[in-house]
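Enquirer: Read off the chains here:
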Amino acid sequence: MTQPAMNSSLWSYANPRKFLATTERLMPFLWTAALICLVTGLVWGFFFTPDDYRQGSTVKIIYLHVPSALMAINAWMMMLVASLIWLVRRHHVSALAARAAGPVGAVMTVIALVTGAIWGQPMWGTWWAWDPRLTSFLILFLFYLGYIALWEAIEDPDTAADLTGVLCLVGSVFALLSRYAVNFWNQGLHQGASLSMDAEENVADVFYLPLLVCIAGFVLLFIALVFYRTGTEIRARRIRALQARERAGA
Amino acid sequence: MIALLLRDLRLAVRAGGGFGLGLAFFLIVTVMVPLAVGPQPALLASIAPGVLWLGALLACLLSLDRLLALDWEDGSLDLLATAPLPLEAVVTIKALAHWITTGLPLVLAAPALGVLLNLPGPGYLWLVISLAAGTPALSVIGTFGAALTVGLKRGGLLLSLLVLPLYVPTLIFGAEVARRGAVGMDTATPLLMLVGISAGALALLPFASAAVLRVNLR
Amino acid sequence: MMPDLGKYADTVLSAYAASILLLAALVALSLWRGRRLRRDMQDMEQRMRRDG
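Protein chains in written order, with this note's numbering: chain A, 371 to 620; chain B, 45 to 262; chain C, 2 to 53.
Mixed in with the good hints there might be a few duds.
To be verified - Derived pair list, reagent style SDA-like, types lysine to any residue, alpha-carbon separation capped at 25 Å: (1) Lys388(A) with Ile21(C); (2) Lys388(A) with Gln47(C); (3) Lys197(B) with Ala113(B); (4) Lys8(C) with Ala611(A); (5) Lys197(B) with Asp528(A); (6) Lys8(C) with Leu508(A); (7) Lys388(A) with Tyr578(A); (8) Lys388(A) with Gly35(C); (9) Lys197(B) with Asp115(B); (10) Lys388(A) with Leu32(C); (11) Lys197(B) with Leu114(B); (12) Lys388(A) with Leu457(A); (13) Lys8(C) with Tyr578(A); (14) Lys8(C) with Ile21(C); (15) Lys388(A) with Arg50(C); (16) Lys197(B) with Ala47(B); (17) Lys388(A) with Lys8(C); (18) Lys197(B) with Arg610(A); (19) Lys8(C) with Phe416(A); (20) Lys197(B) with Leu124(B); (21) Lys197(B) with Ser120(B); (22) Lys388(A) with Arg607(A); (23) Lys388(A) with Ala611(A).
Source of the hints: derived by calculation from the structure; they are not laboratory data. As the structure is a prediction and not an experimental result, all values here were calculated from the model.
Isolated chain A (complex conformation):
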């Protein structure tokens, strides 16, 4: 099979074959890098950081809580961008990448919620409070569920990609609205952003560096998972196409 001359722009990766070939080469490095960062960050955070003077050893949960919460939101952002690319430029890889990211984002949301609940128990004296941040994450989780369920429910792959793409767009707007609505509805217990640049409420350096490593680990793990799962989706679709051809031929 002769390959046509590829231009080197980013869009050439929208070709499923090229995507598979490239990620195939990248995957070992991505998995290794993700594993190294995660293990380094978590071990550093768990074994070699001091306790916080107010929160005691529970501060160590931050190395799971903050990165997973960040990825829960970033995964949705990535899905939004991928859906837009699909809706505008009709690149199949983009739609499949959005599909691949959905369950990953949902699991990140669950991790953020679970670690938050476990952390909240000794700190606030309750597993769950209807605090704005907790509530918006729960709502975000519901959005993930709807998105995943819609992908699973529709037979035709292109229809599914279109419908979930629009749902992702509309959902983003409503998720943002919910965030404001929830803020308005209840001002909460949760501390403000831990990573804001104005260092007033920021966490101290001893916690900050391992936290950055953990965030890098979560980002790398997310990328690795999405690449891998996109490859799986591409193969699933190819199998469908081959099956259809077989049936047509028989």
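Position chains B and C against the provided structure of chain A, taking the given hints into account.
Expert: Coordinates of chains B and C only, in the frame set by chain A:
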């Protein structure tokens, strides 16, 4: 356009489900709440705005799966798609018909059910205002959900899963208006937000619904 | 080796255990499905080639 609206309304009335079922569901939910939480008047008064809003929302949700499904099954949706009327207008009319047959009766019935829940005096006005301002958004968002799931055989449950998260902002602001009204607090901010959501949804979502419907009719 | 977690040992350990379990489950499921589909596709392509 008006012909389409009248047709939808006539169908809803003739099928008997339009006005009746949603209202009956609203009534039942409202009756069940005191049975579940106990008859203390103070407790009921404090949860009444929220319960009434939730009941109205669920009654709205319940009637969504028939919003487009009937026209989908008998093929009139295909005809409407090829008609000179833009599909955006068609879905807006559908949402309007849904609101007139479901939302409006709920708004009108809500004060009567408020009595059952011991809603405080000033709450009635604000309950009606908030429902009147919020239920159009529920219908429009619901139409979007119905358009997403119209081609699916077992779309009903999925429809609820998709639509309920989208209902969150409307519910929060709507119930907040009713709650604040009932205890005599200032209602201007949540009411403005509620009206804003309704207006925004009414202006923008028909485009999304029509786009989705086109995909489903492809 | 184990750091002194004080009275919050259960809290911290359960948070780590739950998160690592969830992440491991996600990775394992992804790999499992990926492997299976990769095998299916190879089988299929071979069959198509053989049958022409």
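Enquirer: Taking the hints in turn, state whether each one holds.
Expert: The hints, checked one at a time:
For the suggested pair Lys388(A) and Ile21(C), the alpha carbons sit about 33 Å apart, so the restraint of at most 25 Å is broken. Under the criterion of a C-alpha separation no larger than 25 Å, the hint pairing Lys388(A) with Gln47(C) is consistent with the structure, at around 21 Å. The straight-line distance between the Cα atoms of Lys197(B) and Ala113(B) is roughly 10 Å, inside the 25 Å bound, and the hint therefore holds. Restraint check: the Cα-Cα separation between Lys8(C) and Ala611(A) comes to about 58 Å, which exceeds 25 Å; the hinted pair is violated.
Restraint check for Lys197(B) and Asp528(A): the C-alpha separation of about 18 Å stays at or below 25 Å, so the hint holds. Note on Lys8(C) and Leu508(A): the hinted pairing is violated, with a Cα-Cα distance of about 29 Å set against a maximum of 25 Å. For the given pair, Lys388(A) sits about 39 Å from Tyr578(A) by alpha-carbon distance, which is inconsistent with the 25 Å threshold. Of the pairs offered as hints, the one joining Lys388(A) and Gly35(C) holds, with about 18 Å between alpha carbons and a cut-off of 25 Å not exceeded.
At most 25 Å may separate the alpha-carbon atoms for a hinted pair to count; Lys197(B) and Asp115(B) meet this at roughly 14 Å. With a CA separation close to 21 Å, the supplied pair Lys388(A) and Leu32(C) stays within the 25 Å bound. Taken as a hint, the Lys197(B) and Leu114(B) pair is honoured in the structure, with Cα atoms around 12 Å apart against an allowance of 25 Å. A hinted pair counts as satisfied when its Cα atoms are at most 25 Å apart, and Lys388(A) with Leu457(A) qualifies at roughly 21 Å.
Straight-line distance between C-alpha atoms of Lys8(C) and Tyr578(A) comes to about 24 Å, which keeps the hinted pair within the 25 Å bound. Distance hint between Lys8(C) and Ile21(C) is fulfilled; the C-alpha atoms sit about 22 Å from each other, no more than 25 Å. Annotation: proposed proximity of Lys388(A) to Arg50(C) holds, straight-line Cα distance about 21 Å (limit 25 Å). Annotation: proposed proximity of Lys197(B) to Ala47(B) is violated, straight-line Cα distance about 29 Å (limit 25 Å).
For the suggested pair Lys388(A) and Lys8(C), the alpha carbons sit about 54 Å apart, so the restraint of at most 25 Å is broken. With a C-alpha separation of about 21 Å, the suggested pair Lys197(B) and Arg610(A) falls inside the 25 Å cut-off, and the hint holds. Proposed proximity of Lys8(C) and Phe416(A) is supported: the alpha carbons are some 15 Å apart, at most 25 Å. Taking the CA atoms of Lys197(B) and Leu124(B), the gap is near 21 Å; set against the 25 Å cutoff, the hint holds.
Restraint check for Lys197(B) and Ser120(B): satisfied, since their Cα atoms lie roughly 18 Å apart, inside the 25 Å limit. Restraint check for Lys388(A) and Arg607(A): satisfied, since their Cα atoms lie roughly 16 Å apart, inside the 25 Å limit. For a cut-off of 25 Å, the pair hint linking Lys388(A) to Ala611(A) stands: about 18 Å separates their Cα positions.
Of the numbered hints stated above, those contradicted by the structure are hints 1, 4, 6, 7, 16 and 17, listed in ascending order.
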